[in-house]
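Chemist: Same order as they appear, the protein sequences are chains U and R. Residue numbering for the first sequence is 7 to 774, as defined by the numbering used here. Residue numbering for the second sequence is 6 to 144, as defined by the numbering used here.
Treat the hints as calculated values from the structure; they're not laboratory data. One thing to keep in mind: the hints can contain errors.
Subject to a maximum C-alpha distance of 30 angstroms in a straight line, what follows is the list of computed DSS-like cross-link-like pairs (lysine-lysine) [what the hints assert, rightly or not]:
| # | chain 1 | residue 1 | chain 2 | residue 2 |
| --- | --- | --- | --- | --- |
| 1 | R | K70 | U | K610 |
| 2 | U | K475 | U | K501 |
| 3 | U | K401 | U | K371 |
| 4 | U | K610 | R | K10 |
| 5 | U | K501 | U | K415 |
| 6 | U | K266 | U | K221 |
| 7 | R | K108 | U | K610 |
| 8 | U | K477 | U | K451 |
| 9 | U | K371 | U | K344 |
| 10 | U | K415 | U | K506 |
| 11 | U | K473 | U | K506 |
| 12 | R | K127 | U | K584 |
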Amino acid sequence: MSLMRNISIRHKLTAIIMLTCAVILLLAITVFIVWAQINSRHNLIRDLSAHAAMIGDNCKAALAFEDAKQAKETLSALHVQESIVFGCIHTPNGDVFASYYRDKNGTTTERVDREVDISKIPKDSHIFAGGLLTVSKGIVLDGEIIGTVYLQDDMRRLHSALVWDIVVAVVILVSVLTIAYVLTANVQKLVSGPILSLTESAARIGKGELNHRVKIHSNDELGKLGESFNDMAQKLKESYTHLEEKVRRRTVELSSANEKLETEIVQREQAQKMLEERIKEINCLYSLSRLVEQPQITFEQILEKMPDLIRNAYRHAETTCIRITFDGIHYQTDNFEKSELSQYAPIKVHKNKAGAIEAYYIGEKGKNGREPFIEEEQNLLDLVAERLSGIAEHKKAEDKLAIFRNLIKQSNDCIFVIDPEWGRILDVNDRTCESLGHTREELLKTTIKDIDESLTDDSSWQQLTLKLKLKGEIIQEGLYKRRDGTTFFVETSLKLVSQKNESYIIGVARDTTERKQAEERQAGLIEQVESINRELRDFAYIVSHDLKAPLRGIKSLTQWLSADYADKLDEKGQEQIKLLLSRAERMHNLIEGVLEYSRVGREKENRIQVNLTELLPEVIDMVAPPESIAITVENELPTVECEPTRIRQVFQNLLSNAVKYMDKPQGLITIGCVEDGAFWRFSVADNGPGIEEKHFERIFQMFQTLTSRDKFESTGVGLTVIKKIVEMYGGKIWVESQVSKGSTFFFTMPKQEMGVNKNAKLKADIVS
Amino acid sequence: MRNSKPILLVEDDIVDAMTVERALGDLEISNQLTHKINGEETLEYLRSDSNETPCVILIDLNMPKMNGLEFLRLIKADETLKEIPVIVLTTSSEEQDVDESFKLGVAGYMVKPIDYEEFLEKIRVIDSYCTLIELPNRG
Chain U
7 MSLMRNISIR HKLTAIIMLT CAVILLLAIT VFIVWAQINS RHNLIRDLSA
57 HAAMIGDNCK AALAFEDAKQ AKETLSALHV QESIVFGCIH TPNGDVFASY
107 YRDKNGTTTE RVDREVDISK IPKDSHIFAG GLLTVSKGIV LDGEIIGTVY
157 LQDDMRRLHS ALVWDIVVAV VILVSVLTIA YVLTANVQKL VSGPILSLTE
207 SAARIGKGEL NHRVKIHSND ELGKLGESFN DMAQKLKESY THLEEKVRRR
257 TVELSSANEK LETEIVQREQ AQKMLEERIK EINCLYSLSR LVEQPQITFE
307 QILEKMPDLI RNAYRHAETT CIRITFDGIH YQTDNFEKSE LSQYAPIKVH
357 KNKAGAIEAY YIGEKGKNGR EPFIEEEQNL LDLVAERLSG IAEHKKAEDK
407 LAIFRNLIKQ SNDCIFVIDP EWGRILDVND RTCESLGHTR EELLKTTIKD
457 IDESLTDDSS WQQLTLKLKL KGEIIQEGLY KRRDGTTFFV ETSLKLVSQK
507 NESYIIGVAR DTTERKQAEE RQAGLIEQVE SINRELRDFA YIVSHDLKAP
557 LRGIKSLTQW LSADYADKLD EKGQEQIKLL LSRAERMHNL IEGVLEYSRV
607 GREKENRIQV NLTELLPEVI DMVAPPESIA ITVENELPTV ECEPTRIRQV
657 FQNLLSNAVK YMDKPQGLIT IGCVEDGAFW RFSVADNGPG IEEKHFERIF
707 QMFQTLTSRD KFESTGVGLT VIKKIVEMYG GKIWVESQVS KGSTFFFTMP
757 KQEMGVNKNA KLKADIVS
Chain R
6 MRNSKPILLV EDDIVDAMTV ERALGDLEIS NQLTHKINGE ETLEYLRSDS
56 NETPCVILID LNMPKMNGLE FLRLIKADET LKEIPVIVLT TSSEEQDVDE
106 SFKLGVAGYM VKPIDYEEFL EKIRVIDSYC TLIELPNRG
């Protein structure tokens, strides 16, 4: 095939056509020859079989009579047929009855040698063997096989026919191929011509002759191919032209890009340098930040370290020196000296100048007269100054905070923060640790429930938090448990605060053990005082009581004396008995007064709401003023909470005094009441003799009377009793008066029951 | 008095006792007056079978050894003695004493007046009371 590849298309066409013709012819001839041979064979077999049958028929009589000679003669007739080389007749038992041979020269001879053992050939069949065709044919007479005819043909007709066939075939082959070649040589020019021309054109175009065009010879596929080729060449030319233009343009672009790139590289390098400068600055600021973050560092330590850090950020660090001044103190680099070239940035604290940063250039003046310092360095100075200002402000604030924190830390009260959900202790001050005997770490692992004795179960804790949520703040007394199990009294203030969406309870607890003890001491003292008071009261009561008995005895006996011995006493005696009785009476009144006074505060009555508007008419009835004296109630009186007997006593005593001392023919007594803050202020005014101002205090003291008892029988206890009652209720009593015009007694009562006002009561008791 | 049983006076003050005696005389009350000077002695007297049960006991509260209230408490706890009407005759006008006495089932409470005439009046009332009111009579 490689051979095919290299030869021209013209030869290829010729070869293909020739080869095709040859193959077809050969095939046809071969088929023809084979067919002819097969046919010839069939004919041969048929002819030979016919001959054998004929011979068999002719020999029947000879066989029947066993006349071998006759048979031989019959067989010799075979010599007419040259190709039959042998014939014989066998008897049924296989013996040769008669035979015929023909040698190569055509002479009839006896059989010499035969390659085929004819006895083995079955009856009525044929076999090709040893270049001979052998046919057998049974001789049948009256339905009985009487012998067999064998004929052999040397197939010379067959062979000669084959030779002839081949010769004819070769002659035809040669003739046909010759004609085919001649035809091909002419016809192939129609196809290969344009192809060759196309090939040549393609070669030329391929060499660069883009203007060359293929000549179109026909309208067939080749013509189309030529057109396409021309189109292609045209397109090729166009794209080539376009490509050339593009390349030219691209080249221009490339060179400009190249230029740009070079410029950029230069710029990049500059930027890199600047970046390095910036990195220095950033490094300086970063170092500052790192310094500030150090937990224990002081502002002074920062200021000490800053000058070197700033200097390192300068382009000309070697020839630059830095000085920071703050609060009048200088912090500077080792090489510090002043020069003309400098930069400056002020440090301000809360808008007031507190210091400055200065930078000086101490090297030789730069080349080309350029400034050694650049704007960025000034910016850095400003930034550092600003940062230092911030730090200074922050430090100041921190100092303040530290003072405040110290205040909490060192506070004499336990201050702690707890979480409102579980009561976990989140933070404590030192005092809390001290008081509870725990370390801070221990406390941070516990809850308030472990410490506060009143919060031992969850429900009490929940109640507390609920109360806190409602009120925001609770102040309560409680008992805290120390680590050793002992307890101490506290007064705790709990406050719920929110910070950054989280709630905390801030607790302040004060150890009130001492106060409690003081309170207990005080309570003890009060108890003591009360007991002394009680004794005093009892003493007053007993004494009064015991005094009354003999007094009554004296009186009774005196009366009996006066009755039983009236006839024995003269007038003077009678007068003296009378005086004795009146003195005994007065003494009795005095004792009753003391008893009454001691009864106030000793005898307890339930405090109830007393409507004074209803009470007063009863009191006035009891006082039973004479018709010359009018008692009026000026306005509606309030309802006060008190012991009814006592308030009755107050009004009764005041009214009876006013009635008793009334010196005017038309007595006017007025009862009034006005509001006075948290108190009611009652007044009982009369138009009686009045009291001199110097006696205003005296009249409220026991047994003090302003008139002779012989003139006005009075114990001098009434006002003292009133004063005691009023003061017991937390009120006051006083008098305003003008001599001969009248007096007004005022007293106040609290609107609301003030509870057990121990101190007021105590005071009242002590006075008694 | 309606019956002739004795009146039992428990009084430590001799003048007061005299006053009662005089008043009984002045009012012509013929019942015998038995005078005891304290609670202890009175109880002893009452518990002795030889003594006649009094028709009324007049008792002072303020007495030595056993005061009136203590005596009342004991006598009222005693099944045989608690029926005897007791009238307190005392100098004390303290409400507390009044309350306490009535709680202990006294038949009356009287504050001794300083004036004899008034005293007479009170004894007269006691007499009327004992005459008009049905009292347990155990012979």
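Chemist: If you draw a straight line from the CA of K266(U) to the CA of K221(U), is it 30 angstroms or shorter?
Modeler: Violated: K266(U) and K221(U) sit about 52 angstroms apart, past 30 angstroms.
Chemist: Between K415(U) and K506(U), does the CA-CA distance stay at or below 30 angstroms?
Modeler: It holds: about 23 angstroms lies between the C-alpha atoms, which stays within 30 angstroms.
Chemist: Regarding the pair K475(U) and K501(U), is the alpha-carbon distance no greater than 30 angstroms?
Modeler: holds, 9 angstroms
Chemist: If you draw a straight line from the CA of K610(U) to the CA of K10(R), is it 30 angstroms or shorter?
Modeler: violated, 41 angstroms
Chemist: Taking only the CA atoms, is the gap from K477(U) to K451(U) under or equal to 30 angstroms?
Modeler: Since the Cα atoms of K477(U) and K451(U) sit roughly 28 angstroms apart, the hinted pair holds (cutoff 30 angstroms).
Chemist: Taking 30 angstroms as the top limit, are the C-alpha atoms of K401(U) and K371(U) close enough?
Modeler: Violated. K401(U) to K371(U) sits at ~40 angstroms, over the 30 angstroms cutoff.
Chemist: Does the alpha-carbon distance linking K70(R) and K610(U) stay inside the 30 angstroms limit?
Modeler: holds, 28 angstroms
Chemist: Checking one constraint from the list: CA of K473(U) to CA of K506(U), max 30 angstroms. Satisfied?
Modeler: holds, 22 angstroms
Chemist: Given the proposed pairing of K501(U) with K415(U), does the C-alpha separation stay at or below 30 angstroms?
Modeler: Within the cut-off at roughly 18 angstroms; holds.
Chemist: If you draw a straight line from the CA of K108(R) to the CA of K610(U), is it 30 angstroms or shorter?
Modeler: Status holds; Cα separation ~18 angstroms.
Chemist: Does K371(U) pair with K344(U) here, judged by a C-alpha cut-off of 30 angstroms?
Modeler: OK: K371(U) and K344(U) at ~14 angstroms, within 30 angstroms.
Chemist: Are the Cα atoms of K127(R) and K584(U) separated by 30 angstroms or less?
Modeler: holds, 23 angstroms
Taken one by one, the earlier hints fail for this structure at numbers 3, 4 and 6, listed in ascending order.
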